[in-house]
Amino acid sequence: MLSAVKEIGNLVAQPTLKIEGKIIFLVLCSDFSFKGIEIEDFIPEKIDRYLYKPGESKGNRPSPFAPINRKEPEKSFEKIAKWLKNSEKIINLTEQELDKVKKINDTLQREKVKILQVISNKSKEISKKTSLFLGLKIGDKYLGDFDLFKNIFNLKISQRIGKSSSRDKTCSICGEVKDTVSARTYVYQFDTDDKPGFITGFKKENYWKNIPVCQDCRDLLQRGRNFIEDKLTFKFYGLKYQLIPKFLLGGQDIIKEILDILSDTHKNISLKERKINRLTDDEQEILEYISEKEDALTLNFLFLRRQQSAERILLLIEDVFPSRLREIFNAKRYVDELFNEEFNFGKIRVFFSKSDDEKRETDLDKYFLEIVNSVFKDKKIDFNFLLKFFMNGIRKDFINDNFYKLKIRDAMMCVSFFENLGLIKFKEVPMEQNIFEEVFNKYGKSLNTPEKRGIFLLGALTQMLLNKQYSERESKPFMKKLKSLKMDEKDIKALLPEVQNKLEEYEAFDKGKRLIAQEASKYLLQAGDGWKMSVYEINFYFACGMNMSEEVAKIVYRISPSVEDEKK
Amino acid sequence: MKVLVFDIYGDFAHFRKYYTTTSPLTFSFPPPPTIAGILGAIYGAQKDEYLNVFGYDNCKVALRVLNPIKKMRLGINLINTKDNRYFLLLKKKNHEPRTQILTEFVKSPKYRIYLWHPDADVFNKLASMIQSHQSFYTVSLGLSELLADFSFIGVYEGKEISNEKSEISTVVSISKLIEKGIEIQPERKYFKEKIPIKMTEGRVVEIYDDVIYEPDGKTIKAILKTFCQLENGEHISFF
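So the sequences go chain by chain: R and Y. Read in the UniProt record's numbering, the first sequence has 32 at position 32, and its numbers run on one by one without any break. Read in the UniProt record's numbering, the second sequence has 170 at position 170, and its numbers run on one by one without any break.
If you are wondering where the hints come from, they were derived from the structure by calculation, not from laboratory data. C-beta: ideal position from N, C-alpha, C; glycine also. Don't take each hint at face value.
Label-pair distances were calculated between CB atoms; the ranges are [as the list claims (entries may be wrong)]:
1) R/K150 - Y/K82: 28 to 36 angstroms
2) R/I261 - Y/S162: 38 to 46 angstroms
3) R/I261 - Y/A120: 55 to 63 angstroms
4) Y/K221 - R/D48: 47 to 55 angstroms
From just these sequences and the hints, can you work out the full model?
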């Protein structure tokens, strides 16, 4: 993966930084006494003169320039003061240089209270939406204009990188023998060296042996990552992923062309005056576009989470071919047409976000990402695992009588999508033809046993009863009989006569419903006893039947059209 | 040339990608230094000598993927060694005694290893150890917890062939290919990974190479600078 990032870095120009905001400069006179403050706009082109190093973790930024912490400006001030204080310890400074640094430090310490007061007052005057930075100027020159500070700055960076290094060794990224290689990329933070448990016999000074990187590769990696962050990072339902294209054996020209197109997504979308199909909630998503490409490239989806200074890989989906994306989009289009509604990963996320609505943060990301991985990598998914989460979601809405039909529909769309992609498979069992075949077949092969069909039809009939109840008395008391959709085999078998009885009481047990009841009981009898189905599964098919009651009704009332139709 | 062929397999494998420490990812198959370790375990070479006996300069190794590469991730509970010099399992401020690390594994791995060794004694001893299903140390696939089993397939006569288009059963190092030497075929997937190839006894990697493999274990049609044809008709490419 790092090679792919480096390859990208090699082919793209350094993207301009998009930092906006204001800088509060502490200005010292030429005798290093405190003069006051000046406020300037942040100009990215001057970044070297500010001695700013963006993109590093905030705590360790080796720079005399820092974003202002509005609540605690002292912290920002201390960062700069600490950088200068540590500069005194650099051995090869001349006496004159050391004297300069010391004088600045003395001034800062002496005037600390005053400075903090001024920063605090000024930051209140500037809108909270504007990013604020703190820097240092001597006269009208920035710190980076002085060779002294520039050298200290570069030295500190190279000291950090060179903590573990060696000469004339092979770089793990370019594979070439280089004068100096040192440990870590300092670009991605999943190669940290802060725990001795990482490698057997781990010694920090030998860490370069694990991941030797040369400075050229480090620079290209940084450029590659900047480009990816800027152009190829997409939103994914509360998560983010970086799309890293990798090329198997393609020529550089092809790669460059593809990167150009990938990077200019706005142009790409506006060029094609057609509806863009998306799998996610990100408007810039370009997967459909890539799906039209040949399999000369593969895609890596890198889901990262920042955790203090480290970065954790939540998921890396490696080597997805455009042809796989095509299959996924075909399955999506199939489901779109079947349900007359757009399918995307949001329909899956509905069930795999939070295990409890009260929770502040999403806790089912792991499962969601696992499913996304299965979709991209064509890995089987356990149907029973899905059912558990589908039913938990459906039950929650069912208990609160809260548009539960939408949830059922989402679950059915997911099942249809997975089945179309071959991620879940149902055994094909030959069954005799039936008037409801049209509905059964429409949703794949999941309704492949008499008990499933019986439960499904009973679900449809029950929904009709609930509709009737609602139209007569604006409430659905029969819902209580459905045990919050936690019915087992016995409950289902007992439910059929109860539904029939209730429909009789409402004088609504017409020919159409009688036909459904007949078919349901026929299937339930055929199924016999001891169904090998979990409670989740039983209730899932029941819920599907409830959701599909209108389609079932269409069939029966087409056969006996004289019957009144109390559908809602 | 005599080539020893045997299979190695297990429930899980983990060959950590060197650039991941906090979120360990795994290579799809063991790189040559790891294979040397496995051979050393069976043969009985010590930790500090196996790279000498089975290292890049001393023998030739090839690997074929037998079971499709499937990767999955599991959370592993580890001792949190950060700021915990003596590995005391005590909770301190901002420091939990254990940490859960999401680790990637290869599921149901099975590989076929091919070995040519110039030293007849080493070759014969290793072959007889494998044939009698014995090993000096316990064999594992990457981590000590991931125990491995192995089975002897045979010792075959092989001959070197150069610059010929052929179906290669093993993974192929890019450096062994002639330019544009791969014929991309439909219904086959081609994956590329950069792996360490040659490691010294001081554990310094001297050669890294991109390796192409078919994750379902299908053959790769390619023209190689040299490859080895075994008497059973298989074409293999040493790392």
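Here is what the structure says about each hint:
At about 34 angstroms, the CB distance of R/K150 to Y/K82 agrees with the hint of 28 to 36 angstroms. In this structure the supplied range 38 to 46 angstroms holds for R/I261 paired with Y/S162, their Cβ-Cβ distance being about 41 angstroms. Distance hint check: the CB atoms of R/I261 and Y/A120 are about 58 angstroms apart, consistent with the given range 55 to 63 angstroms. Distance hint for Y/K221 and R/D48: a CB-CB separation of about 51 angstroms, consistent with the stated range 47 to 55 angstroms.
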